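Participant: Listed below are the residues making up each chain.
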Amino acid sequence: MIRALFNAATGMKAQQLRIDVTSNNLANVNTTGFKRSRAEFEDLLYQTMRIPGAESSQQAVIPNGLQVGQGVRVVGTARDLANGEAISTNVPTDMMIRGAGFFPVIQPDGELAFTRDGSFRLNAEGQLVNVDGLPLQPAIVIPQDTVQITIADDGTVTALRPGRTNADLIGQIQLARFSNPGGLRALGGNLYAPTRSSGDPQLLNPGTEGAGNVTQGFLEGSNVAVVNEMVDLIVSQRAYDMNSKVVQAADEMLKSATGLR
Amino acid sequence: MSDGLFVAASAAVARQHELDVVSNNLANVSTDGFQELRVSFESVLADPYNTETNSQIYVAPTHTATSQQNGPIKQTGGNLDVAISGRGYFGVEAAGQQTLYTRSGRFTVNDSGQLATASGHLVLGKSGPISGLNGTVRIEKDGRIFNNEVEVGALQLYDFNEPEKLQRHGHLLFESGPQQAAKEIDGELVPGALEGSNVNAVMAMVELVRVQRSFESAKKAIDTYRDMDRRLQHNVAD
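Quick mapping for you: the protein sequence lines, in order, are chains A and B. For the first sequence, our numbering gives the first residue as 11, with consecutive numbering after it. For the second sequence, our numbering gives the first residue as 5, with consecutive numbering after it.
For the record, the hints were derived by calculation from the structure and aren't laboratory data. Note that the structure is a prediction, hence the values are computed from the model and not measured. Please note that the accuracy of each hint is not assured.
Unchecked claim - Lysine to aspartate or glutamate pairs mimicking EDC-like chemistry, simulated, CA-CA at most 16 Å apart:
1) Lys224/B x Glu262/A
2) Lys130/B x Glu192/B
3) Lys130/B x Asp190/B
4) Lys223/B x Asp261/A
5) Lys255/A x Glu211/B
6) Lys145/B x Glu155/B
7) Lys78/B x Asp242/A
8) Lys130/B x Asp146/B
9) Lys223/B x Glu262/A
10) Lys130/B x Glu144/B
11) Lys78/B x Glu239/A
12) Lys130/B x Asp163/B
13) Lys265/A x Glu220/B
14) Lys78/B x Asp90/A
Said to hold, decoys possible - Listed below are several chain B residues computed to face chain A (Cβ distance under 8 Å; list not exhaustive):
15) Asp24
16) Ser27
17) Asn28
18) Leu30
19) Leu41
20) Thr66
21) Thr68
22) Gln72
23) Gln73
24) Gly82
25) Val113
26) Asn114
27) Thr140
28) His175
29) Ala225
Stated by the list, open to error - Rough simulated footprint, nothing fancy, chain B against chain A, three-plus residues with beta-carbon under 8 Å:
30) 21-28
31) 80-93
32) 198-211
33) 244-250
For every residue, glycine included, the Cβ atom is placed at its ideal position computed from N, Cα and C.
Please model the entire structure based on the sequences and the hints provided.
Facilitator: Written as structure tokens, this is what we have:
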């Protein structure tokens with residue numbers, strides 16, 4: 011019966027973590043390029059009290075085993091990488107990736123980080139940087155006298171300058187692709203870092219090998235669906251309640267057993 | 005001291021055991037791919053060779069079995085999520101070339117581009133582990149797996165004569181055990197979905213109430229026997 015108490019405790023802990031994940035998803039319902047996570051559960055090891063196939067006597071063989079479980083654990087949080095909806099902003103340096111790629115940016119320590127958030131701006135030097143000022147890689151510097159910036163589907167950036175009839179090619183945006191983007195580690199600030207499980211980034215031109223295309227003037231909204239998260243919240247809360255009832259039942263039974271003496 | 009006291013005690017112990025099983029089911033009420041565990045009891049004769057007098061009958065847990073009811077199929081949209089509609093299990097490779105089985109189709113790709121479970125076991129296809137997944141992966145209803153629209157393998161489903169007798173390993177994995185062999189079957193899959201836990205929350209709560217009440221009755225019986233013993237001692241002493 012003590013096992014029942016611990017089983018219920020693992021259940022309550024797991025549901026608590028699921029609510030933590032759900033609440034973070036809901037908090038980011040309007041975050042550009044946000045990808046929702048979901049908590050994944052697994053049952054814990056089982057205690058085998060009788061092994062099937064063992065002999066119960068010289069003539070008889072136990073046909074079925076006797077096993078008792080030890081509850082549940084959270085095995086991980088999986089990121090749902092479905093694309094969010096397109097939001098038109100009409101800002102020429104806003105970009106949305108249609109496909110599986112990520113924008114590479116350089117962190118202050120020189121390491122590359124990756125983001126789906128395509129809201130880039132110009133810094134004092136005219137370089138394309140993200141909202142936190144991290145420069146896009148490879149660097150794209152827009153000349154100061156530019157009248158109009160055009161970012162094509164394939165990532166070529168051209169700038170129209172006064173007194174010119176044709177736009178000048180000033181850079182090429184590259185996208186990073188991972189063999190298992192679900193294995194990326196979230197750094198906060200809409201950034202992800204590669205891990206062993208995600209594999210190394212492959213830098214590709216947009217439109218090649220499944221990297222996805224770039225669309226100018228749009229941002230990718232969060233892929234959190236509020237209704238689904240609310241349903242998850244209700245389910246977790248009820249499951250938490252049920253497990254707390256098990257704690258209560260086990261407690262009352264223990265109390266009554268103690269009362270025997 | 006009456007033997008009945010021990011019979012009643014065996015009932016109380018059996019209910020404790022049942023509570024352990026019910027609590028594990030309830031802890032896994034939202035674990036995708038989990039299959040409910042049920043425990044069975046049998047009566048045990050204290051002295052099976054004594055046919056003349058009414059021998060005492062104790063209760064003891066005999067075996068646990070896995071419920072084969074299908075869980076609800078939940079659409080997730082994940083390109084590596086697959087639910088099995090109907091019978092069957094996926095095969096995964098565990099340490100020492102052992103094959104384990106699972107209903108959980110919550111797959112991922114590991115760093116060497118192989119299809120794996122969330123706990124890192126390789127998923128078995130029709131010809132061993134499925135590798136070469138480094139692009140956009142798609143799984144078809146018949147289990148075929150495509151990487152950038154190029155077929156790289158197919159999932160294999162396994163079935164058993166008595167799947168309810170499979171031994172549990174934790175991590176949502178099952179072992180076939182010595183008494184039955186896995187046979188390969190062609191099942192139907194639902195891509196982009198997961199099978200939810202097949203624990204029925206309402207039934208599990210009803211079980212919880214029943215177990216608790218049944219424990220209380222066993223305890224009442226113990227109390228009654230103790231009361232009788234006490235009176236007997238009292239009367240004899242008088």
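Participant: None of the hints should be skipped; say for each whether it holds.
Facilitator: Going down the list of hints, with the structure as the test:
1. Lys224/B x Glu262/A: holds, 14 Å
2. Lys130/B x Glu192/B: With Cα atoms ~15 Å apart, Lys130/B and Glu192/B stay inside 16 Å; holds.
3. Lys130/B x Asp190/B: Roughly 11 Å between the alpha carbons, so the hint for Lys130/B and Asp190/B holds.
4. Lys223/B x Asp261/A: Roughly 15 Å separates the two Cα atoms, so the pair holds.
5. Lys255/A x Glu211/B: With Cα atoms ~12 Å apart, Lys255/A and Glu211/B stay inside 16 Å; holds.
6. Lys145/B x Glu155/B: holds, 13 Å
7. Lys78/B x Asp242/A: holds, 12 Å
8. Lys130/B x Asp146/B: holds, 12 Å
9. Lys223/B x Glu262/A: holds, 12 Å
10. Lys130/B x Glu144/B: Satisfied, since the Cα-Cα distance of roughly 14 Å is no more than 16 Å.
11. Lys78/B x Glu239/A: holds, 14 Å
12. Lys130/B x Asp163/B: holds, 14 Å
13. Lys265/A x Glu220/B: holds, 11 Å
14. Lys78/B x Asp90/A: holds, 15 Å
15. Asp24: holds, 5 Å
16. Ser27: Since the shortest Cβ distance to chain A is 4 Å, the answer is holds.
17. Asn28: Hint on Asn28/B: holds, closest Cβ of chain A at ~3 Å, below 8 Å.
18. Leu30: Holds: closest Cβ of chain A sits about 5 Å from Leu30/B, inside 8 Å.
19. Leu41: holds, 6 Å
20. Thr66: holds, 7 Å
21. Thr68: Since the shortest Cβ distance to chain A is 5 Å, the answer is holds.
22. Gln72: violated, 14 Å
23. Gln73: violated, 17 Å
24. Gly82: holds, 6 Å
25. Val113: Holds. Min distance 4 Å.
26. Asn114: holds, 6 Å
27. Thr140: This interface hint holds because 5 Å falls under the 8 Å limit.
28. His175: holds, 5 Å
29. Ala225: violated, 11 Å
30. 21-28: holds (count 4)
31. 80-93: holds (count 8)
32. 198-211: Since three or more residues must qualify, the claim that chain B covers the stretch 198-211 of chain A holds, with 4 doing so at under 8 Å.
33. 244-250: Since 4 is at least three, the answer is holds.
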